[in-house]
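Chemist: If you want the building blocks of each chain, they are given just below.
Number of protein chains: 4
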Amino acid sequence: MSIDLNADAGESFGPWGMGRDDQLFPYLTSVNLACGFHAGDPQTMKRSVELAQETSVAVGAHPGFFDRLGFGRRKIAMKPEEIESDIIYQIGALAAFLKVQGMELHHVKPHGALYNQATHDMAFAEAVARAVYNYEPTLPLVLLPGTAMEEAAVMIGTRFVREAFPDRAYLDDGRLAPRHMPGAVISNSTIVAQRAVRMCTEGQVKTLQGQDIKINAETLCLHGDNPAALENAQAVREALTLENINVRAY
Amino acid sequence: MSIDLNADAGESFGPWGMGRDDQLFPYLTSVNLACGFHAGDPQTMKRSVELAQETSVAVGAHPGFFDRLGFGRRKIAMKPEEIESDIIYQIGALAAFLKVQGMELHHVKPHGALYNQATHDMAFAEAVARAVYNYEPTLPLVLLPGTAMEEAAVMIGTRFVREAFPDRAYLDDGRLAPRHMPGAVISNSTIVAQRAVRMCTEGQVKTLQGQDIKINAETLCLHGDNPAALENAQAVREALTLENINVRAY
Amino acid sequence: MSIDLNADAGESFGPWGMGRDDQLFPYLTSVNLACGFHAGDPQTMKRSVELAQETSVAVGAHPGFFDRLGFGRRKIAMKPEEIESDIIYQIGALAAFLKVQGMELHHVKPHGALYNQATHDMAFAEAVARAVYNYEPTLPLVLLPGTAMEEAAVMIGTRFVREAFPDRAYLDDGRLAPRHMPGAVISNSTIVAQRAVRMCTEGQVKTLQGQDIKINAETLCLHGDNPAALENAQAVREALTLENINVRAY
Amino acid sequence: MSIDLNADAGESFGPWGMGRDDQLFPYLTSVNLACGFHAGDPQTMKRSVELAQETSVAVGAHPGFFDRLGFGRRKIAMKPEEIESDIIYQIGALAAFLKVQGMELHHVKPHGALYNQATHDMAFAEAVARAVYNYEPTLPLVLLPGTAMEEAAVMIGTRFVREAFPDRAYLDDGRLAPRHMPGAVISNSTIVAQRAVRMCTEGQVKTLQGQDIKINAETLCLHGDNPAALENAQAVREALTLENINVRAY
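Protein chains in written order, with our numbering: chain W, 29 to 278; chain V, 29 to 278; chain X, 29 to 278; chain A, 29 to 278.
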C-alpha cells in the first residue's frame with residue numbers, strides 16, 4: 029500500500045512571503061507550485077524547485093486564475109480556450125525551471141477557484157483536462173474524484189490521480205464542506221493523522237453529518253495555509269509510516 | 029550562401045492589436061515571439077505559434093522586461109539572477125505552446141531595453157547568456173556581434189547567431205544609430221533591400237557617416253513596427269531570392 | 029428639451045492604441061474615461077483629460093474590473109466591499125488628473141461586466157451605488173433604467189442619470205439584445221440617428237421584436253468600438269441639432 | 029519645539045501581509061501609505077486610512093515605481109512626464125479613500141528607488157516636485173534636505189518638509205550610508221532614540237566616520253521594515269516626550 033502526500037507551495041510573491049516551505053517539504057512527497065498567476069514569481073519558482081530537489085519532493089504545476097489580489101480564489105468568467113492557454117502558459121513556465129535543474133514535471137493540479145469551478149462546470153473541467161492532455165498526454169492531473177473534473181479527464185483521455193483531504197471535513201454527498209461551515213477545516217493534528225490513516229487503510233472517512241463514506245485516493249492533500257500545517261504534515265507522515273504505509277509520490 | 033530573415037512578432041495584448049503578423053510571416057523564416065512580459069499573452073502566443081506553423085516559420089522566444097506600459101523599452105535595474113529567472117520563465121511559457129503544436133523552440137532573442145542593455149553591460153549580458161545556456165545548451169541566442177552579449181555567450185558557452193539590421197542605420201563603430209538620430213530608421217524598401225543584399229554578398233554596409241564597415245550575420249532583422257514593415261520584408265525577400273541567396277532559418 | 033451624448037474613451041493602454049478619441053470627442057458632450065483597471069494608464073488618462081478640456085466635453089470615470097486581457101468584460105466574483113474599494117480607487121485616480129487641469133469630475137459609469145452585473149445583481153449594484161455615494165453624494169451615476177442599478181441608487185440615495193443606446197437593439201422587456209444576437213448592434217448611422225431622435229422626442233424605441241417600448245433617458249451612449257462609431261456620432265449629433273434638441277451635458 | 033514622526037505603511041498586497049501597522053501607528057504622527065504601484069491595493073488602502081483615522085495619524089501618499097516584485101526598489105528608466113502622471117494617479121487614488129473618510133491628504137513622499145533617484149537626478153526630482161505642485165500647490169513634499177529634490181522643490185515652488193533618519197547611519201557628506209554598509213541600519217532602540225532626540229535638540233548627528241553634521245528636519249522617519257521597528261518607534265516617542273519635544277504632524 030502506498031500514498032502520496034501533497035501540498036500547495038511556492039506561494040510567496042516578490043517581497044511578500046507565505047508559508048514555511050523549507051520546513052514543510054521534508055514531510056511531503058509532492059508539491060504543487062504556484063506559477064506566477066495567482067501567486068509565485070520567477071525567483072520564487074526557481075527557489076521552490078531547488079528546495080524540492082534538495083528535499084526529494086516531486087514537483088507539479090499549480091496553475092490558477094490571473095488574480096493575485098484574490099489569490100486565485102475568485103472565479104473569473106473566462107472562455108474555455110482562454111483557460112486552456114493560461115494553463116499551458118503556466119505549466120510551461122514551471123517546466124522551464126525544472127528543466128534547468130534536470131527535473132521532470134510530475135503532475136498538474138489547478139488552484140483555488142479554478143479547481144473548484146472545474147469540479148462542477150464541464151466547460152471549465154474540459155478546458156483543464158484538455159490543457160494538461162495537449163501539453164503532455166502522460167502527465168497526470170490531480171483531481172477530486174466523482175466530479176466533472178474526473179468525467180472530463182476520462183472523456184479526453186487525460187491521466188489523472190485522485191486526491192483526498194484529511195484536514196478538511198466531507199459532506200455525505202462526497203463534497204468538501206465549504207470553508208465557512210463550522211468544522212470544515214480540521215486543525216487537530218492527531219485527528220488529521222487518524223483520518224489520513226483510515227483513508228489509506230479502510231478507504232473511508234466520517235462526514236460532518238457522521239456517516240462513513242468511501243474515499244478512493246492516490247494522494248492526500250495537506251493545506252499549507254492551515255495554521256497547523258506543519259504539525260499536521262508531521263503527524264500524518266509519522267502515522268502513515270507507523271502503519272507501514274509507503275509514503276511516496278505516485 | 030544562406031541567410032535567415034527574422035522579425036519581432038506576437039506583440040498584441042488582449043484586446044489591443046499590434047502589427048500585421050499574418051501578412052508579415054510569409055516573407056520571414058524566423059520570428060521572435062513576445063512571451064507575456066512586455067507584450068503578448070497566452071492566447072496571442074497560442075495564435076502566433078499556430079500562424080508560424082502554418083507559414084513554416086521558425087519560432088524563437090523574445091523575452092523582455094516585465095513592463096507593458098513601456099513595452100519593455102525602459103531599463104529596469106534588476107539583479108542578474110532576477111533577469112535570469114525572468115528569461116527562463118518566459119522561454120518556458122513559449123516552449124509550452126510549441127510543444128502542444130509539436131514544434132521545437134528555435135532560438136532566443138532578448139527584447140528592447142533588455143537587448144540594448146546586454147550589448148554593453150556584462151552583468152546583464154551574462155545573465156541573458158546563462159539563462160539560455162542553462163535552459164538548453166544547444167539553443168542559439170540571437171545577438172548583436174561585437175558587443176558584451178557576444179563576449180558573454182563565448183565565455184559561458186552559449187550558442188549564438190549574429191544579426192544585422194538592414195532597416196537601421198549603423199555608426200562607424202559598428203553600433204546602431206540611436207532611433208532619435210535623423211536617418212536612423214530606413215523606410216525606403218528599395219534601399220533596405222539593397223542593404224540586405226550587400227550585407228549578404230559583400231558582408232558590408234555603409235554607415236551614416238558614409239564609411240563601409242564589415243557585417244557578419246546569419247540573420248537579418250526587419251522591424252515589424254517600421255511603418256514600411258511589410259514592403260520592406262517583401263522587397264528584401266525578393267531581392268535576396270533574385271541574388272540566389274538561400275533564405276532559410278539557420 | 030436637452031440630451032447628453034456619451035461614449036467610452038481613453039481605452040488605449042501603453043503602446044497599444046484603441047479608438048479615435050480625437051475625432052470622436054467633438055461630437056460628444058460627455059465621455060467615460062477608463063481608469064487603468066480594464067484599460068487606460070496614467071499617461072493615457074492625462075492626455076484624454078486634456079483632450080476633453082480642449083473639446084469642452086464633460087469627463088466621467090469609467091471604472092471596471094481589474095482585467096486588461098479581458099478588457100473588463102469577464103465577471104470576476106469579487107466581494108461587494110472589494111468592488112467598492114476598486115471603484116473608489118479608480119475614481120480618485122481620474123479625479124486627480126481633472127484636478128490638475130482645473131476640471132471637475134462629472135459622473136461615474138461602470139464598465140463592461142461590472143455594468144452588466146450591476147443591472148441584475150443587487151450586491152454588485154449596491155457596491156457600485158455606495159462607492160459613488162460615499163465618494164461624493166452629489167456625483168451622478170450613469171445607469172440603465174429599470175434595473176437593479178437604479179433600485180440600488182434609489183435605496184442608497186446616489187444621484188443617477190438614465191442612459192439609452194441608439195446603436196443597440198432592445199428586447200421587449202427593455203433589456204439590450206445580447207451582442208451575439210443578429211441585429212443587436214446597429215451600424216447604419218441613419219437608423220442610429222433616427223432612433224436617437226425618436227428616443228428624445230417621443231421617448232420610445234422599436235424593439236427587435238417590432239414593438240414600441242418607452243425610453244426615459246438623459247444621456248445617449250454611442251459605442252466607440254462600433255466600427256461606425258464616428259459616422260454614428262456625427263449623424264446623431266446632426267440629427268438632434270436639426271430637431272432643435274439641445275445637445276449638452278446634464 | 030515640535031517634530032513629526034513618520035513611517036511607510038500600508039505595504040501589504042492582497043493575501044500577503046507586511047508590517048504591523050496597527051501596533052506601529054500609535055507611536056507615529058504621520059504615515060506614508062503605499063498607493064498600489066509598488067505595494068498596497070484598494071482594500072489595504074481603505075483599511076490603512078481607517079486605521080490612521082482611528083489612531084489620529086496624518087496620512088500622506090507614498091507613490092512608487094510600478095514594480096511589485098521589486099517593491100519599488102529597482103529604478104525604472106521612465107521619462108519625467110511618465111513619472112509625473114504615475115505620481116498624480118497614485119496621489120489621486122489615495123486621496124479618494126481619504127475623501128470617503130472625511131480626511132485630507134497631508135503630504136506626499138516618494139518611495140524607494142523613486143525617492144533615491146530624485147535625490148541626485150534633477151529630471152526625476154523635477155518630475156516629482158512638479159507632480160505634487162500641479163496636484164495641489166499647498167501640499168508638502170517630504171524630502172531629503174540638501175539634495176536635487178530640495179533644489180527642484182525650490183525651483184518649482186513646491187512646499188516641502190525635510191526629513192531625517194534616526195535609524196539610519198549618515199556619511200560625512202550628509203547622505204545616508206547605503207544599506208549594504210556595515211552599521212548602515214541601526215536597530216538598537218536606545219541609540220535610535222538618542223539620535224532622534226539630538227537631531228531635535230541640537231540639530232546634529234554623528235556620522236559613521238565619527239564627525240558631527242547638521243540635521244535640519246521637521247519630520248523623523250522610522251523604517252517599518254526594520255526588525256526593531258516597533259521598539260524603535262516606542263523608544264523614540266518616549267524619549268522625545270521626556271525631553272518635552274512636541275511630537276505632532278507638521
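Take these hints with a grain of salt, some might be off.
Identical chains share a label here; the pair holds if one copy fits it or two copies do between them.
[Said to hold, decoys possible] Derived lysine to any residue pairs resembling SDA-like cross-links, with alpha carbons at most 25 Å apart:
hint: 1; residue 1: K234; residue 2: I214
hint: 2; residue 1: K234; residue 2: E109
hint: 3; residue 1: K107; residue 2: Q71
hint: 4; residue 1: K127; residue 2: P108
hint: 5; residue 1: K127; residue 2: V182
hint: 6; residue 1: K107; residue 2: V213
hint: 7; residue 1: K107; residue 2: V182
hint: 8; residue 1: K127; residue 2: A212
hint: 9; residue 1: K234; residue 2: P210
hint: 10; residue 1: K107; residue 2: N144
hint: 11; residue 1: K127; residue 2: R226
hint: 12; residue 1: K107; residue 2: L79
hint: 13; residue 1: K242; residue 2: R226
hint: 14; residue 1: K127; residue 2: G211
hint: 15; residue 1: K107; residue 2: G211
hint: 16; residue 1: K107; residue 2: S84
hint: 17; residue 1: K107; residue 2: M183
hint: 18; residue 1: K107; residue 2: D253
hint: 19; residue 1: K107; residue 2: I241
hint: 20; residue 1: K107; residue 2: P173
hint: 21; residue 1: K242; residue 2: N144
hint: 22; residue 1: K242; residue 2: E271
hint: 23; residue 1: K242; residue 2: Q222
hint: 24; residue 1: K127; residue 2: M29
hint: 25; residue 1: K107; residue 2: D50
hint: 26; residue 1: K107; residue 2: P165
hint: 27; residue 1: K242; residue 2: H148
hint: 28; residue 1: K242; residue 2: A105
hint: 29; residue 1: K107; residue 2: G140
Think of the hints as simulated: they come from the structure by calculation, not from any bench.
Chemist: Take the hints in turn and mark each one as holding or not.
Modeler: Each hint, compared with the structure:
1. K234 - I214: For K234 and I214, the Cα distance is within 25 Å only inside one copy (13 Å; across copies 55 Å).
2. K234 - E109: So K234 and E109 fail the 25 Å test inside a copy (39 Å) and across (37 Å) alike.
3. K107 - Q71: between (30 Å within a copy, 11 Å between copies)
4. K127 - P108: between (28 Å within a copy, 20 Å between copies)
5. K127 - V182: between (29 Å within a copy, 22 Å between copies)
6. K107 - V213: The answer is between: 22 Å across copies meets 25 Å, while 32 Å in one copy does not.
7. K107 - V182: Within. Shortest intra-copy distance 21 Å satisfies the 25 Å Cα cut-off; inter-copy 35 Å does not.
8. K127 - A212: Cα proximity of K127 and A212: none, with 38 Å in one copy and 40 Å across.
9. K234 - P210: So K234 and P210 pass the 25 Å test inside one copy only (16 Å; across, 54 Å).
10. K107 - N144: both (16 Å within a copy, 17 Å between copies)
11. K127 - R226: Neither: 37 Å inside a chain and 41 Å across chains, both beyond 25 Å.
12. K107 - L79: Between copies, since 21 Å is at most 25 Å while 35 Å is not.
13. K242 - R226: For K242 and R226, the Cα distance is within 25 Å only inside one copy (10 Å; across copies 66 Å).
14. K127 - G211: This pair counts as neither: shortest intra-copy Cα distance 41 Å, inter-copy 41 Å.
15. K107 - G211: Classified as between; 23 Å across copies, 35 Å inside a copy.
16. K107 - S84: Intra 37 Å, inter 29 Å, cutoff 25 Å: neither.
17. K107 - M183: So K107 and M183 pass the 25 Å test inside one copy only (20 Å; across, 35 Å).
18. K107 - D253: between (29 Å within a copy, 21 Å between copies)
19. K107 - I241: neither (35 Å within a copy, 34 Å between copies)
20. K107 - P173: Result: close within a single copy only, 24 Å intra versus 29 Å inter.
21. K242 - N144: within (20 Å within a copy, 43 Å between copies)
22. K242 - E271: Within one copy only: 20 Å inside, 71 Å across.
23. K242 - Q222: within (15 Å within a copy, 66 Å between copies)
24. K127 - M29: neither (31 Å within a copy, 35 Å between copies)
25. K107 - D50: For K107 and D50, only the inter-copy Cα distance (24 Å) is at most 25 Å; the intra-copy one is 37 Å.
26. K107 - P165: This pair counts as within: shortest intra-copy Cα distance 22 Å, inter-copy 37 Å.
27. K242 - H148: within (20 Å within a copy, 41 Å between copies)
28. K242 - A105: So K242 and A105 fail the 25 Å test inside a copy (33 Å) and across (32 Å) alike.
29. K107 - G140: both (17 Å within a copy, 16 Å between copies)
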